[in-house]
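In the order they appear, the protein sequences are chains A and B. Reminder that position 35 of the first sequence reads as 35 in my numbering, one-by-one numbering, no gaps. Reminder that position 47 of the second sequence reads as 47 in my numbering, one-by-one numbering, no gaps.
Derived by calculation from the structure, the hints in this document are not laboratory data. Small disclaimer: the values here were computed from a predicted structure and weren't measured. It is possible that some hints are incorrect.
[Said to hold, decoys possible] List of simulated lysine-lysine pairs, DSS-like, C-alpha gap at most 30 Å:
(1) A:44 / B:138
(2) A:44 / B:196
(3) A:70 / B:17
[To be verified] Which stretches of chain B does chain A cover? Using the computed rule of at least three CB atoms under 8 Å from a CB of chain A, they are:
(4) 49–62
(5) 69–75
(6) 141–147
(7) 160–168
(8) 192–200
[To be verified] Below, a sample of chain B positions facing chain A; criterion: calculated Cβ distance under 8 Å:
(9) 44
(10) 66
(11) 184
(12) 188
Note that CB positions come from ideal geometry on N, CA and C, so glycine has one too.
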Amino acid sequence: MKKITCESYERGFLEFTKGTLDPEHRKAFEDHREQCEHCRNFSKATSDVRVALSQLPAIETPPYFTSNLKREINRLEQGSKKPEWNSRLIPRLLALGTGFALALFISFVALQPGQQPGIPGMEQPDMVAGSGASEETVNPDKKLTIDRGGELLLTENEVVVDTMTHRLPEPAGMDSIPIPVDDDYWKINQVSTTPEDN
Amino acid sequence: MTDLEKTKELSVSVNLKECSDEVLIARFQAGELASFEEIVGRYQGQLINFVGRLLSDRITAEDIVQETFLRVYRNKHRYKEIAKFSTWIYTIAGNLGRTELRRRKIRNIFSISQRGETEIDYEIPDHGINVEKQVEGKIRQESILKEIGNLPVYFREVIILRDVQDLSYEEISQILKVPLGTVKSRVNRGRTQIQKRLKNRL
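With the rest of the complex left out, here is chain A (with noise of 0.2 Å):
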């Protein structure tokens, strides 16, 4: 008597349940599936899933699945090997040069003698203070007069600005002092001016 194994149960199942089995592969495939509960639940759960599973479409490899993979281990090699010297170096000698003449375009531009700081070609506000300019209007009403060495040379119209803050001293009789840009300053002189603490 002709015996079969799980196996060949499964991989003859489609012949079995189709009839196509000769007599004596079908009576060993029944005498199986008698004896063996496996086959037992096989034919129960796949009495026809299986055959519809086995005739599903294949998905196709796509035509450039081939050239991808090739260009991807080029790659893989490339990048494996070892680059020369030079052409590392190269590069990164370049990228420094860069930032070096560009880092002294602007702190040459940026920080030239005699002019505020601030993006070239840009108007500043309504004040313009430098070491080679004798007179510049400040306000319509006020002037500020700077000499030549830079010394300020204050009249009672005269004000001196804080060119960072831009900030006008307060009208405390106090225009022939220059304003420092300390804020511990106003506080002592605020103190210093207020009638109750006098």
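Using the hints, position chain B against chain A.
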């Protein structure tokens, strides 16, 4: 195969199409690129079908299979002839496929939790099948594909490897690193689930 045998075999001009997978990888390990190309030719279709069915996504499957071949290329010397070559390459592809599925699951959990719907199972949207325009066989195939996609991954992979790829239980057991009995049980349970769902659907 010893190195000497490999060298002898390399020195003889052979028809690569007649070589076994194990001989091909041995020749590739010895430096013959044509053997690798033959391996790619043999396995690209099988692996794209396996990963494509596993992910229900052909495009990502192509990327994963490409990565599989790149890993074989890079790690050719790691293959030892203690297992079949097909087991090795299916294991690599399966691992990459499962990693992709885990990534998608995390992404889905994250997007669902953002919507405050953590109690709802994530289902692949059913766009329906226009019955009138499809022949019955086509509808059935579509339904089966959908049901395969809806199976839990541990059922899905054994069903694909067994029923679509036609691998033996032993090989599936080695690829997935699970006992033989577990593979058989999963195959049966997976098929039963598909059958139940198909009955409800059709």
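Hints, one by one, checked against the model:
For the hint pairing residue 44 (chain A) with residue 138 (chain B), the CA-to-CA distance comes to about 24 Å; that is within 30 Å, so the pair holds. As the CA atoms of residue 44 (chain A) and residue 196 (chain B) are separated by approximately 11 Å, the hinted pair is consistent with the 30 Å bound. A hinted pair counts as satisfied when its Cα atoms are at most 30 Å apart, and residue 70 (chain A) with residue 17 (chain B) qualifies at roughly 20 Å. With a threshold of 8 Å between beta carbons, the proposed coverage of the segment 49–62 of chain B by chain A holds, since 6 of its residues qualify and at least three are required.
By the rule of at least three residues with a Cβ nearer than 8 Å to a Cβ of chain A, the coverage given for the segment 69–75 of chain B holds, with 4 such residues. Given as covered by chain A, the segment 141–147 of chain B passes the check, having 3 residues with a CB less than 8 Å from a CB of that chain where 3 are the minimum. With 4 residues bearing a CB less than 8 Å from a CB of chain A, the segment 160–168 of chain B meets the requirement of three and the coverage assertion stands. Evaluation of the coverage hint for the segment 192–200 of chain B: fulfilled, as 4 residues show C-beta separations to chain A shorter than 8 Å, against a requirement of three.
Restraint check, residue 44 (chain B) versus chain A: the minimum CB separation of about 5 Å is within 8 Å; hint holds. The restraint placing residue 66 (chain B) at the interface with chain A holds, with a minimum CB-CB distance near 5 Å, inside the 8 Å limit. Hint status for residue 184 (chain B): holds, given a least beta-carbon distance of 6 Å to chain A, under 8 Å. With a least beta-carbon distance of about 5 Å to chain A, the hint placing residue 188 (chain B) at the interface is held under the 8 Å criterion.
Checked against the numbered hints above, the structure breaks none of them.
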